[in-house]
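Sequence lines, in order, name chains X and A.
Each residue of the first sequence is one higher than the last, beginning at 0 in numbering that gives the first Met the number 0.
Each residue of the second sequence is one higher than the last, beginning at 0 in numbering that gives the first Met the number 0.
Just so you know, these hints were derived from the structure itself, not from any lab.
Be careful, since some hints might not be right.
Restricting the straight-line Cα-Cα distance to at most 20 Å, the calculated cross-link-like pairs of lysine to aspartate or glutamate (EDC-like) are [to be verified]:
| no. | chain 1 | residue 1 | chain 2 | residue 2 |
| --- | --- | --- | --- | --- |
| 1 | X | Lys5 | A | Glu75 |
| 2 | A | Lys5 | X | Asp74 |
| 3 | X | Lys5 | A | Asp97 |
| 4 | X | Lys5 | A | Glu262 |
| 5 | A | Lys5 | X | Glu175 |
| 6 | A | Lys5 | X | Glu75 |
| 7 | X | Lys199 | A | Asp97 |
| 8 | A | Lys199 | X | Asp97 |
2 protein chains.
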Amino acid sequence: MGNLGKQTISFPNKPYIISAYSLGGKKESEGPLRDWFDDCLRDDIYGEATWEKAESKMLKTAVTETVRRSGKGLDEVGAMLSGDLLNQLMSSSFMARDMRIPFLGMYGACSTMTESLIMGSVLVDGRYSNNVIIGASSHYCTAERQFRMPLEHGNQRPPSAQWTATAAGTMMISSESTNEDIDVIVESATIGKVIDAGIKSANKMGSAMTPAAVDTLLNHLEDTNRNLDYYDIVLTGDLGFTGREIMKDLLQDAGLDKKAIDERYDDCGAMIYKPEQDVHSGGSGCGCSASTFAGYVYKKMKRGEIKRALIMSTGALLSTISPFQGESIPGIAHAVSLQSRPKN
Amino acid sequence: MGNLGKQTISFPNKPYIISAYSLGGKKESEGPLRDWFDDCLRDDIYGEATWEKAESKMLKTAVTETVRRSGKGLDEVGAMLSGDLLNQLMSSSFMARDMRIPFLGMYGACSTMTESLIMGSVLVDGRYSNNVIIGASSHYCTAERQFRMPLEHGNQRPPSAQWTATAAGTMMISSESTNEDIDVIVESATIGKVIDAGIKSANKMGSAMTPAAVDTLLNHLEDTNRNLDYYDIVLTGDLGFTGREIMKDLLQDAGLDKKAIDERYDDCGAMIYKPEQDVHSGGSGCGCSASTFAGYVYKKMKRGEIKRALIMSTGALLSTISPFQGESIPGIAHAVSLQSRPKN
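If we strip away everything but chain X, and leave its shape as in the complex, we get (with noise of 0.2 Å):
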């Protein structure tokens, strides 16, 4: 039974991520996770016409790579989930046009890869398939001319506002591991609410999305009986550098030891670039947190370096109309556990 809590399901098959790959722009290969990424863009724009296409290039290119490095064929692949910022999950639907992989999209805003990650897993865990490849992407321009203004206005931000990373991430998840020394299982989950915590600035995303991370946290920990020392790494996806330390305040608040926030607890979108990088709040987008758990984290628990990570995207759920109708921001975030397990 896969039913572990009331909001958390597990998984008694234990779906291996076989492959991975986490693919940055320009900007990211120039912050902390660049010795991450298995590749970055040279520039914006990767050789397309518009930075739309570009953006469905790098979803496309991640794919790709993942599915050759999973040693699988594209006809053993029976699904693909995926989905990323832009209107219609465009950048998704047009990669998934040139794959020929039954195809279904995902949309959480920035919880996007999470999201993807809990319905691939649960489609290998109960064997309704053998591989699935799931991902999510976001582009700065695409995002930033969609949600905010035109590039060329080259309005200013409040030092609140994040920065949408140009990255993508993807994962194939499969029933059978590989001939690698140590796997890497999705153990279990937390589906996450929508919580609004009445914030209405779109330059306030971090803030907007750090209740709806504690509830999912909590919530997880209390399904799983675990303490947060249970893990080596906990990680949300994007609430930047101002909201990782709301993130931190909230989870005292709510009577978890200091001490162990600390030693474990970062944030996706505050590790992705140095404060240098003009980038006020740090990083978010769908990208952010996939690129990192596809790339940092993945790569660090196939080497044994983190054998317990808790993963949890982030969403800021306002629509391109919704603040001018006068409504705040919901916020959305999902948890999924993984494991690193030596062979041996």
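Chain A: place on chain X using the hints.
Using the frame of chain X, we list chain A on its own:
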């Protein structure tokens, strides 16, 4: 094992659809399916300040009624999977904010209803959740102004254009049956591939989606080793009057029997309006197939008037900007096999 064939998964535990709700708009209440809706709006605004909020409220009404009819408490619902046509799934996201149920956003344009139904059935069949609610919605006024022109513009539409239905449909999928005489179960499903026939006009969406619908249907029949006459009824989502005729032609070209097609195949977009309603090529929108499946199909199955139904929502995966970048319209279709079973 749930893996039936290349693209088709079966549900060995036969999840039950234990309740459903179908909500139409005013125009839909004047069409041929009027008696199959559970309720219809008196006007487009539904007591809200904007059409977007009206659409979100429609989905909330449908979800709330489906939960009530199921006899389950909100805290017994493990997950809610929903989507719509609005950028960032505004209708679904803002509905989910009020429901406090773990939420997963789905996007497959007008294919969203069967996408949600497939993933919801996987969660229940695999015993990851005992009760899952799924749904989709659309609204003529929100879709028209997002995808085409401001309504106030009063622009003319070519004969091949479709009318986005103002409608919502929701279902509760459960691992346990009810005490009613006839069960409706989810038997198998085929996840569709993205197929692009090169059509570039958003006024020819039926034609753009038809090749994907043909591909999914033929793959479903091949994977399940069935003929078309296995089903009492085969319904596509919203190819409309134009697309329905193209579908019939293409199926005949593929070798299917004309009589078998004519006797059981129809399209929700061609069923939901009368040609005299000035809807040109018929209905479209996530809500078109969602409300037809949750109303007409579900109720007929509960009465035993349909025993085996293959329902296929079809999606046109264009974005609000892809046509301006010279892109054609990728199509997708997902098929779900439903069966009604008398308890004896």
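Here's how the hints hold up against the structure:
| no. | hint | in the structure |
| --- | --- | --- |
| 1 | X:Lys5 with A:Glu75 | 8 Å, holds |
| 2 | A:Lys5 with X:Asp74 | 8 Å, holds |
| 3 | X:Lys5 with A:Asp97 | 18 Å, holds |
| 4 | X:Lys5 with A:Glu262 | 46 Å, violated |
| 5 | A:Lys5 with X:Glu175 | 18 Å, holds |
| 6 | A:Lys5 with X:Glu75 | 8 Å, holds |
| 7 | X:Lys199 with A:Asp97 | 17 Å, holds |
| 8 | A:Lys199 with X:Asp97 | 17 Å, holds |
The earlier numbered hint that this structure contradicts is number 4, and it is the only one.
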